[in-house]
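**Student:** What follows is the residue order along each chain.
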Amino acid sequence: MRRFAVWILFIVPFLAQLVALPWVNRIHPMVLGFPLLHFWLLIWMLLTPLFTLAIHWVLRKEEQA
Amino acid sequence: MMHGNALAFAVTAGIVLAVVLIGFLAGRDKEARSSVEEWSVGGRRLGSLFVWFLVGADVYTAYTFLGLTSSAYSGGSIAFFATPYVVLAYPMAYFFLPKLWRVAKEHGYMTLADYVGGRFDSKLLSFLVAITGVLMLIPYIDLQLSGILDTLQVAGAGLVNVKLIVIVSFLLVALYTFFSGLKAPTYTAIIKDILVWVVMLFLVVSLPILHFGGWGQMVLAVATQHPKLLVLPASGPKGILWFSTAALISAMALFMWPHTATGTFSSKSADILKKNAIVLPLYNIVLMLVTFLGILAFMVVPQGTNPRLAFLTLIHDSYGGFTQGLAYATIALASLVPCSIMAIGASNLFANNIYRDWIQPDASPKRLTLVTRSMVFVVIGLALLFGLAFPTALVSLQLMGVSGIVQTFPAVVLSLYVRNLPKEAVTGGLLAGLATVFYLYASHNAHGAYEGFWGLLVNLAVIAVLTPLFIGRARQRTNAVMKSLFGGRSEQSRAQQPNIA
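From first to last, the protein sequence lines are chains A and B. For the first sequence, position 33 matches number 33 in the numbering used here, and the numbering has no gaps at all. For the second sequence, position 209 matches number 209 in the numbering used here, and the numbering has no gaps at all.
Honestly, the hints are just simulated from the structure, not real lab data. Computed from a predicted structure; not experimentally measured. There could be a bad hint or two in this list.
As the list claims (entries may be wrong) - Below, a list of computed lysine-lysine pairs in the DSS-like style, where the Cα atoms sit at most 27 Å apart:
(1) K61/A <-> K99/B
(2) K268/B <-> K483/B
(3) K275/B <-> K61/A
(4) K61/A <-> K268/B
(5) K61/A <-> K483/B
Please model the complete structure; the sequences and the hints are all you need to start from.
**Tutor:** Okay, structure coming up:
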């Protein structure tokens, strides 16, 4: 179960930034002065560390267990 | 024709000279050059902050500033592939860098080729990894060299002999690297990155205000006048598929470079690498914002400007001498500082994996230290020679760098996780991958994807085909490195305890 969670947490940023692009490849709606495409890339720059941090927590719990 | 601004040039020269001086001062403690381990990986004693700058600062080079803005200037949003590239490199690094670091620490490895040689008991594979690293890194140093050439051409046009200055500054970098070892790029990278953040943020905020009244107005103006610049082409040689594959392959390649490996091995602990890998994606926000300035340049600078000079022309046309000087100095440092650590990475490969392994196996530690350090002059000298004498001959190699270096990924990373990976299969895959990349660059048709992507697919396919043929032998093999990675016992018990180090 934990392994599965780690795998999901790892793969989601890749899917979002590499595979999901055709669906966000638009200018509108603009968010915070960014075209949608660029806002999407920006937001994943901020989210990716959170995903890696979550992996870190899960693996540390496993080590302790 | 543009004219340089004397004040701008003076500011640039002053800042660069100050940093060169710091490069020398960094090594005033003799210990910095007492052994290969001290000189090239700082004795593996660097703390979190230094590792942050050594590993993170590699992203902010002259080539990224000038290359990304020029690619945004001529191709629009395709240049933003660099954003997912630098972000996604780190979640992968979170897993494999600490493993790699532990093995390197335990067995005293200084280069990735050292590791590959020990892991597979194969001098040949180690040599191939080393030669790939050197072959792809020298053109990469030349990208930095052309970056500083362009900068000085704008900064000092008509004022000075640009080529002479470039030769002198590169020799100074070689000299302080020879003298101070890893300490030089460590300290100078911190100064460079502080300047990068201050100056680039200033440009990102002020340029849209100067030309459009603000960031929002700038984006709106682009969206109404040139909407194509803000989306990716759905197909074609540089469309969405190229964007995704280029980002993925570049991310996988980032830690295969000899100089990023140097940064990795200099860390004091595996934990530092993990923590840096979690946070480092955030460090790239400036890079993304700067890429927008390439699009801004497209709207502002005169049509017909050489794309390579678009960003520099934009700076030249927008600011007075002092601000120009700060910006040029930043780009010049972003060219010189990374060269120092790149030269260390390449010198290590030359000295350890070519000189020691093949030419002089019984070289004494003292001699090896001197050879390693002296190699800096060879590396920088070759870069100068190729960059200045045959600037066009290397263009294809420069483009190939990332696609080429990523072919070592299976040898370096897959080998950390798959015990019975036969060396024959990895060697075949590496050669096939490199051949594919060379072929695709020569034929100019990569079917809409990044060349290194096809190379890596062929590489992995060859590994998959050859593995069954050689797996029997691979199962029999064992050595100290495999023991530290997978434990000493049979395969069954290994599955239960994958992480021993």
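**Student:** When the hints from earlier in the document are held up against this structure, which numbers fail?
**Tutor:** Every hint satisfied by this model.
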